[in-house]
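Asker: Chains A and B are the protein sequences, given in the same order. 1 is the number of the first residue of the first sequence in this note's numbering; add one for each residue after it. 1 is the number of the first residue of the second sequence in this note's numbering; add one for each residue after it.
Errors might be hidden in some of the hints.
Listed next, with one range per pair, are the computed distances between beta-carbon atoms [stated by the list, open to error]:
#1 B:R16 to A:G77: 45 to 53 Å
#2 A:T15 to B:M10: 33 to 41 Å
#3 A:K14 to B:R16: 48 to 56 Å
None of these hints come from the bench; they were simulated from the model. It should be emphasised that the depicted structure is a prediction, and the values quoted were computed from it without experimental measurement. Beta carbons: idealized from backbone N, C-alpha and C, even for Gly.
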Amino acid sequence: NAGVTQTPKFRVLKTGQSMTLLCAQDMNHEYMYWYRQDPGMGLRLIHYSVGEGTTAKGEVPDGYNVSRLKKQNFLLGLESAAPSQTSVYFCASREGAAGDKNIQYFGAGTRLSVL
Amino acid sequence: DAKTTQPTSMDCAEGRAANLPCNHSTISGNEYVYWYRQIHSQGPQYIIHGLKNNETNEMASLIITEDRKSSTLILPHATLRDTAVYYCIVRSYYGQNFVFGPGTRLSVLP
């Protein structure tokens with residue numbers, strides 16, 4: 001059982017380039033999330049999805065787009081990368097809406113540098 | 001979701017119990033307390049959660065005060081592999097996301 005898998009693990013971009021980060025989960029979870037973590041700071045929510053075909057903005061959505069065409073996959077896109085988007089990106093998923101099913105499981109992260 | 005306050009850093013001797021405090025004085029009745037940890041920039045790892053009763057699992061124990069305004073995560077026999085940043089998070093029953101503050105950096109010393 002792989003859990004939450006993120007690809008790629010590392011990437012270096014030049015300013016203005018575009019790329020897509022892929023998150024895949026094999027736990028049949030409804031909810032999926034994208035976070036970013038800057039050095040010495042906690043995680044900040046970028047976008048999230050409460051089910052296939054749905055997406056919503058989080059705390060820091062500007063400069064990012066997402067898609068959830070399949071339940072198991074959640075894609076994060078950068079259309080025109082900027083140095084301020086240099087960060088570590090984490091994907092997470094969780095099973096259900098409330099209470100004891102409200103536990104998020106995280107991937108290993110994608111380290112992105114924008115030069 | 002209620003805001004939490006944690007010490008910036010703590011040290012613990014290997015083999016001893018590590019007690020990590022968290023203050024959440026504005027917690028409301030339907031908010032749970034969750035603990036996660038992050039080992040050296042890996043993805044955060046779930047540890048334990050609770051509402052008002054004390055909880056224990058194979059990783060840790062969670063002690064919540066009777067007024068629910070603070071809690072303590074206890075690692076009963078800390079090892080070097082427990083060195084990590086520990087996050088205390090309070091969120092509502094239907095909360096959508098976790099708000100991760102800076103957490104407590106726990107160093108387990110040999």
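Asker: Any hints from earlier that this structure breaks? Give me their numbers in increasing order, please.
Answerer: Checked against the structure, no hint fails, so every one of them is satisfied.
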